[in-house]
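J.: Here's the letter readout for the chains.
Number of protein chains: 2
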Amino acid sequence: MTAGSKSKPGKRIRNKEKTRRAILKAALELFARQGFFGTTTKAISRKARIAEGTLFNYFKTKEDLALYFFEQELESLQEWFESEARLKKAPLTERLFAIIHHHLDRISPYEDFIGAVYLRALQPSSKLSPLSLSSQEHHWKYFRFIRGLLDEAETAGEIPNVGDFGAYAFGLFHLAMITYWLQDRSPGKEQTLALLDRCLKIATGFLRKGGWDW
Amino acid sequence: MTAGSKSKPGKRIRNKEKTRRAILKAALELFARQGFFGTTTKAISRKARIAEGTLFNYFKTKEDLALYFFEQELESLQEWFESEARLKKAPLTERLFAIIHHHLDRISPYEDFIGAVYLRALQPSSKLSPLSLSSQEHHWKYFRFIRGLLDEAETAGEIPNVGDFGAYAFGLFHLAMITYWLQDRSPGKEQTLALLDRCLKIATGFLRKGGWDW
DNA sequence: TAGGAAAAGTGAGTATACTCACGATTTATT
DNA sequence: AATAAATCGTGAGTATACTCACTTTTCCTA
Numbered sequence: 146m147t148a149g150s151k152s153k154p155g156k157r158i159r160n161k162e163k164t165r166r167a168i169l170k171a172a173l174e175l176f177a178r179q180g181f182f183g184t185t186t187k188a189i190s191r192k193a194r195i196a197e198g199t200l201f202n203y204f205k206t207k208e209d210l211a212l213y214f215f216e217q218e219l220e221s222l223q224e225w226f227e228s229e230a231r232l233k234k235a236p237l238t239e240r241l242f243a244i245i246h247h248h249l250d251r252i253s254p255y256e257d258f259i260g261a262v263y264l265r266a267l268q269p270s271s272k273l274s275p276l277s278l279s280s281q282e283h284h285w286k287y288f289r290f291i292r293g294l295l296d297e298a299e300t301a302g303e304i305p306n307v308g309d310f311g312a313y314a315f316g317l318f319h320l321a322m323i324t325y326w327l328q329d330r331s332p333g334k335e336q337t338l339a340l341l342d343r344c345l346k347i348a349t350g351f352l353r354k355g356g357w358d359w
Numbered sequence: 146m147t148a149g150s151k152s153k154p155g156k157r158i159r160n161k162e163k164t165r166r167a168i169l170k171a172a173l174e175l176f177a178r179q180g181f182f183g184t185t186t187k188a189i190s191r192k193a194r195i196a197e198g199t200l201f202n203y204f205k206t207k208e209d210l211a212l213y214f215f216e217q218e219l220e221s222l223q224e225w226f227e228s229e230a231r232l233k234k235a236p237l238t239e240r241l242f243a244i245i246h247h248h249l250d251r252i253s254p255y256e257d258f259i260g261a262v263y264l265r266a267l268q269p270s271s272k273l274s275p276l277s278l279s280s281q282e283h284h285w286k287y288f289r290f291i292r293g294l295l296d297e298a299e300t301a302g303e304i305p306n307v308g309d310f311g312a313y314a315f316g317l318f319h320l321a322m323i324t325y326w327l328q329d330r331s332p333g334k335e336q337t338l339a340l341l342d343r344c345l346k347i348a349t350g351f352l353r354k355g356g357w358d359w
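Chains as they are written, first to last, in the working numbering: chain A, 146 to 359; chain B, 146 to 359.
It cannot be assumed that every hint is accurate.
If several chains are the same, the list does not tell them apart, and a pair holds so long as it fits within one copy or across any two.
Below, computed lysine to aspartate or glutamate pairings styled on EDC-like, alpha-carbon distance capped at 20 Å [unchecked claim]:
#1 K187 with E197
#2 K205 with D342
#3 K334 with D309
#4 K286 with D209
#5 K286 with E216
#6 K346 with D309
#7 K170 with E197
#8 K170 with E208
#9 K234 with E299
#10 K286 with E297
#11 K205 with D296
#12 K207 with E297
Keep in mind that the hints were calculated from the coordinates and are not lab data.
Build out the structure end to end from the sequences listed, making use of the hints.
T.: Written out as structure tokens, the structure reads:
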């Protein structure tokens, strides 16, 4: 008897999706409540009602599992940006800073655990790491995203040619802002916002003066 | 009978020093040969001829142990700088870049394992980390060191007032260069050196144009 | 529909960073 | 010197991320 219902995806795939979602749901709840280090893989699997080994069929390491959420945010950040018509017309610096601002907004519910893995999330991946970063492609997607924005601005004559270096530098700046944000204890993270604003002005002034000459 | 020899330091302190040195020696050898993750704390203690528990009386975590070497280098980097009369007269940018250049030179023998911990070494420490970073003071020492250089240049009218932010930014740039250096597979790390040079020129041009206006 | 191949799930087992209660050693006190 | 107190060393024990040989489930073909 073939399974009832609409048989668009096979049972195998459906089950896999279900398990995957169960893991992610359980993990997010536990990470958010007890932090990355306070959550054991055993607890996650129990909550997801699977064997502990199964978890590792889906995510090579616990860190990869946590990284997933960070990458999710990076992805949806790009989607958000594409949907913001207003930003398409704004000057480059404003666009770039809106990206970071929005990103911080989105990850703020998870502040307590994101710190444990964010460093690996934006860092250009190194051969040294024995940690299995399945996120290579996410890095590239983010990099190309930023690179695309810079390219546009370059051809529009808005900024001088900054090449890959520009995108790379922005990624590091992004990282730096998250670092600052994580430590910021001011109400409403106003210090971080102030710093972002300041940097916006600096960057604007810098580029207006002609930037660097390669 | 009081112990023979000159009794300047007590026996306790002498033994402690000896043990500490034994641990560091064993750890450095193993880390350099087998990397951070390929070296077990058990192997380190065996090589240092101590019990495994003793190791943790001296270093709270394995990561702290590795971090020690990185901090050592940061310390001796400062000493090296103080002893370089030539640099005292050089323009600020040249001084700052000499610092990074020299640092990379010094850590190059340990490239294979330093990558595992360097991120934590220069990163401003966060409350989030459950890792016991005894290195707080090292961060501060390094920060004050850079801040001092910037202060000099500011009072000399060489650069505009950049405040703590300048020192912080330089720290992040330093971090970025190490990241790049770790991934650089070109012979003699020439790509990293080229990038350093390029950044030197950019920074020089930037500051010459008046920098930013706070 | 039967049987077998492929995929997914399982949980006892392994490796290892780190702890802790206790014993050994050094120092301080009389 | 005898004893007490402080410090240091010890290694069996613990917690937990991750593995793997095996079982169960799903899919495919005749």
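J.: Within, between, both or neither: how does the pair K207, E297 come out at a Cα-Cα threshold of 20 Å?
T.: neither (38 Å within a copy, 47 Å between copies)
J.: Given identical chains, is K346 near D309, meaning Cα to Cα at most 20 Å, within a copy, between copies, both, or neither?
T.: between (23 Å within a copy, 17 Å between copies)
J.: Are the CA atoms of K205 and D342 at most 20 Å apart within a copy, between copies, both, or neither?
T.: neither (39 Å within a copy, 39 Å between copies)
J.: How do K170 and E208 come out at 20 Å by Cα distance, when the copy is not named: within, between, both, or neither?
T.: The answer is within: 16 Å in one copy meets 20 Å, while 31 Å across copies does not.
J.: Could you place K286 and E216 in one of the four classes (within, between, both, neither) given a Cα distance threshold of 20 Å?
T.: within (10 Å within a copy, 35 Å between copies)
J.: Between the shortest in-copy and the shortest cross-copy C-alpha distance, which are at most 20 Å for K205 and D296: within, between, both, or neither?
T.: neither (35 Å within a copy, 48 Å between copies)
J.: As a check of your reading, is K286 near E297 (CA-CA no more than 20 Å) within one copy, between copies, both or neither?
T.: within (17 Å within a copy, 42 Å between copies)
J.: Checking an output row: K286 and D209, CA cutoff 20 Å. Within, between, both or neither?
T.: Intra 17 Å, inter 34 Å, cutoff 20 Å: intra-copy only.
J.: Can you give me the call for K334 and D309, within, between, both or neither, at a CA distance of at most 20 Å?
T.: Result: close only across copies, 19 Å inter versus 31 Å intra.
J.: Could you place K170 and E197 in one of the four classes (within, between, both, neither) given a Cα distance threshold of 20 Å?
T.: within (15 Å within a copy, 39 Å between copies)
J.: One pair to classify: K234 and E299, alpha carbons no more than 20 Å apart. Within, between, both, or neither?
T.: So K234 and E299 pass the 20 Å test inside one copy only (14 Å; across, 38 Å).
J.: Go through the copies and call it for K187 and E197: within, between, both or neither, with a Cα cutoff of 20 Å.
T.: Classified as within: same-chain Cα gap 6 Å, cross-chain 27 Å, threshold 20 Å.
When the structure is compared with the earlier hints, violations turn up for hints 2, 11, 12 and for no others.
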